Structures are given as structure tokens and as C-alpha cells.
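If you're matching positions, the sequence shown starts at 1 in the UniProt record's numbering and goes up one per residue.
Keep in mind that the hints were calculated from the coordinates and are not lab data.
Treat the hints loosely; a few may be bogus.
To be verified - Quick list of simulated restraints, FRET-style, between CB atoms:
| # | residue 1 | residue 2 | range |
| --- | --- | --- | --- |
| 1 | 122 | 212 | 46 to 54 Å |
| 2 | 282 | 123 | 29 to 37 Å |
| 3 | 320 | 46 | 26 to 34 Å |
| 4 | 79 | 41 | 41 to 49 Å |
| 5 | 63 | 88 | 18 to 26 Å |
| 6 | 33 | 331 | 21 to 29 Å |
| 7 | 213 | 84 | 31 to 39 Å |
| 8 | 216 | 121 | 27 to 35 Å |
| 9 | 50 | 122 | 55 to 63 Å |
| 10 | 212 | 35 | 55 to 63 Å |
| 11 | 282 | 5 | 37 to 45 Å |
As the list claims (entries may be wrong) - Using 30 Å as the maximum straight-line C-alpha spacing, the simulated DSBU-like pairs for lysine-lysine come out as follows:
| # | residue 1 | residue 2 |
| --- | --- | --- |
| 12 | 285 | 185 |
| 13 | 185 | 235 |
| 14 | 267 | 235 |
| 15 | 235 | 133 |
| 16 | 285 | 267 |
| 17 | 285 | 235 |
| 18 | 267 | 185 |
Computed from a prediction, not measured in an experiment: that's the story for all the values here.
Cβ coordinates follow ideal geometry from the N, Cα and C atoms, glycine included.
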Amino acid sequence: MNTRPPTLEEVAQRAGVSTGTVSRVINNARHVSAKARRAVEIAIAELGYVPNTAARSLATQRRGAVVLAISSDDPALFANLFFAEVITGVNAVIEETDLQLMLVLAASERGRARLARVLQSRGVDGVMLLALKENDPLSKMTEESGLPTVHGGRSLDRTPQWYVDADNRGGARSAVEHLISSGRKNIGTITGELDTHAGTSRYLGFREAVVLAGLSDQRVAHGDFSEASGAAGMKLLLDDHPDLDAVFVASDAMATGALAVLQEHGKRVPEDVAVVGFNDIVTAKHTQPALTTVRQPIEALGREMTRMLVRLLNGEQPTSLILPTELVIRDSA
């Protein structure tokens, strides 16, 4: 006999509403239609749902806001389509709730101080962290605050309790295996930042694939996920390894820079040098040639982070997620 108590999601499904609506009804919040309120009340009665009293107590003291803190103070951040898509996903879920979204760029001392003030004043109910680096002070700061916190990705020095990440290592490995299966032997890589989990995981995926195939893993240039660093890395690889016939680039932005340099050097893509990127941002299909890349569900990353945080605020215990990646084959490899 199953004696497991019903969950918030089951009440929402029975009532035909969102979990946020159920939470608002339970907490006597405003802005709930009479029809939705009645449907939730019926579902609660039919399922015998008992609200988490501790969570309900916390809910009555809520500020009605969450913060997305990004470990970057780059003024060009919003030109980076990866972050733009993540924020789109975050906002899509926020719009289903009564929560307000606060965005903080928190890599500089000033940005971290701003976030610290928000946390110390309990100006928000929960936190989402993105683009953390090794030993990033934001992790310790949010941990000390005691606020529910969800990480977008993982950091190298610790695995947080709640996170949403993509299969960076497996995705990189599939990209390089594709290059190998097409007959490429002299394969290089332009890495992302190796003090990030994503950068290191994609580099390890590259190394695994070439080493298992009996190929060299020494054709390496280091970047920082930006288009400029991709161009610089591509120049370095061409200078140091004139026999290069393929390159796995750890982000589409860097791959765009690499393609421009290959064109400047008279290299045909993919005939002379095949190129594979990572992310599948919206511009990947519009490069010349169209970029073969590893698709990670970027917007879904933002949505799932936010859903996980909402569940925490509702007193639930969600499970961390690793989202699958997919190789998208176009013209560059």
C-alpha cells in the first residue's frame, strides 16, 4: 500500500493549474481567480494534501523576489547570446509566478558588495548563480546567507546541493568523435576558461576522444569563451601546427572568431580544416559555412534553474539535473 503523501505538483495537475497558483492559494495570496482557487481547493480535498507548515510560515514572510547573480562584470555580457538565452528561460518561468527578478553582475568587488547587501538585508527569497569560477566567492556568500540557492552549472571546487547543468564532457567527446569518424587525424582544440567546470569538462571530453583514438592531444590553445579569444586561439594553432585538419572549439562565439581567421589564412572549411563548436546559439546556423556544433538546451537551463528555485521556495526538495546535449551536423564539419 502506498502511503506517500501527495505533492504540490500532483495537486497542480489535478486542479489544472501551475504549482505557483497552488502556492498562492495555500498562502491566501491575491491575484488568483475564483475559478482557479476553487479548483485548487477541490484538488487539495480530494488528494488529502497537507501543506508544509514550515514552508507556509516562510512564505508569509517572503519579499516576492529572487536574484540571478552572474559571476561577470563584462559590459558586453548581454551581447553574449548564451547569457541572453539563459535569461530568456529564467524570465519565462518567473512570468508564471508573482516573483520579481533581480539581476546582479557580481564578478567585481562592487558587484559582490551589491549582492552581499541584498542577501544580508533579506531583500530576496532565493538565489540563482551562473558562470561561477573555481573558488568563486559567490558560492560561500550565498551559502552563508542560508537562502535557497540553485546553481546554473557546477564549480570546480564543489558540487552544490541544487544545480542544473549540461553534459559538457559527453558533448565535447561526441564532437571530437565526429571529427575522427570523418577521417581527421590532426585535431586541435580551443578551450574555454579552465577555471570553470564547463571549460574543464569540454577540454577533458576532447582529450578522452583523441587519446582513445590514438591521436595527439597536444594541439591546444586556450580561450575565454569570447569571439576574440577564439580568433587568437585559431591563429596560435595555425602557427604552431600547420598540419592541423580539424578543431573543436569550446563555444560557438569562439568558433565564429576561429572561422574568420581560417578565412583570412585562405583555409577552406571543412575541406582544409573542419570546425565544431559548442552551445548552438541562434547565430550558429548563419555562419559561413553553417557551424556544426554541440547543442546544449540553453533556454531550458534557465527555465529548469528557476523551476527548481520555485520548488525550494515552496518547501519541496527537488533533484539536481544534468541536461543532455546533442551534436548538430551542418556544413563546417
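So, going through the hints one by one against the coordinates:
Between residue 122 and residue 212 the CB atoms are about 51 Å apart, so this pair conforms to the stated range of 46 to 54 Å. Distance hint for residue 282 and residue 123: a CB-CB separation of about 34 Å, consistent with the stated range 29 to 37 Å. A hinted range of 26 to 34 Å holds for the C-beta pair residue 320 and residue 46, which are about 31 Å apart. As the Cβ distance of residue 79 to residue 41 is approximately 48 Å, the hint placing it in 41 to 49 Å holds.
In this structure, residue 63 and residue 88 meet the distance hint of 18 to 26 Å, their C-beta atoms being roughly 24 Å apart. A hinted range of 21 to 29 Å is violated for the C-beta pair residue 33 and residue 331, which are about 51 Å apart. Range check, residue 213 to residue 84: about 36 Å between beta-carbon atoms, so the 31 to 39 Å window is met. At about 54 Å, the beta-carbon gap between residue 216 and residue 121 misses the expected band of 27 to 35 Å.
Checked against the hint of 55 to 63 Å, the C-beta distance between residue 50 and residue 122 comes to roughly 27 Å, which is inconsistent with it. Hint check: residue 212 to residue 35, Cβ distance near 59 Å, so the stated range 55 to 63 Å holds. One distance hint, 37 to 45 Å for the beta-carbon pair residue 282 and residue 5, holds here, with the actual separation near 43 Å. This hinted pair checks out: residue 285 and residue 185 have alpha carbons roughly 26 Å apart, not beyond 30 Å.
Note on residue 185 and residue 235: the hinted pairing holds, with a Cα-Cα distance of about 19 Å set against a maximum of 30 Å. Our distance criterion of 30 Å between C-alpha atoms is met by residue 267 and residue 235, whose separation comes to about 12 Å. Only pairs whose Cα atoms come within 30 Å are accepted, and residue 235 paired with residue 133 is accepted, the gap being roughly 26 Å. For the given pair, residue 285 sits about 20 Å from residue 267 by alpha-carbon distance, which is consistent with the 30 Å threshold.
Annotation: proposed proximity of residue 285 to residue 235 holds, straight-line Cα distance about 23 Å (limit 30 Å). Only pairs whose Cα atoms come within 30 Å are accepted, and residue 267 paired with residue 185 is accepted, the gap being roughly 17 Å.
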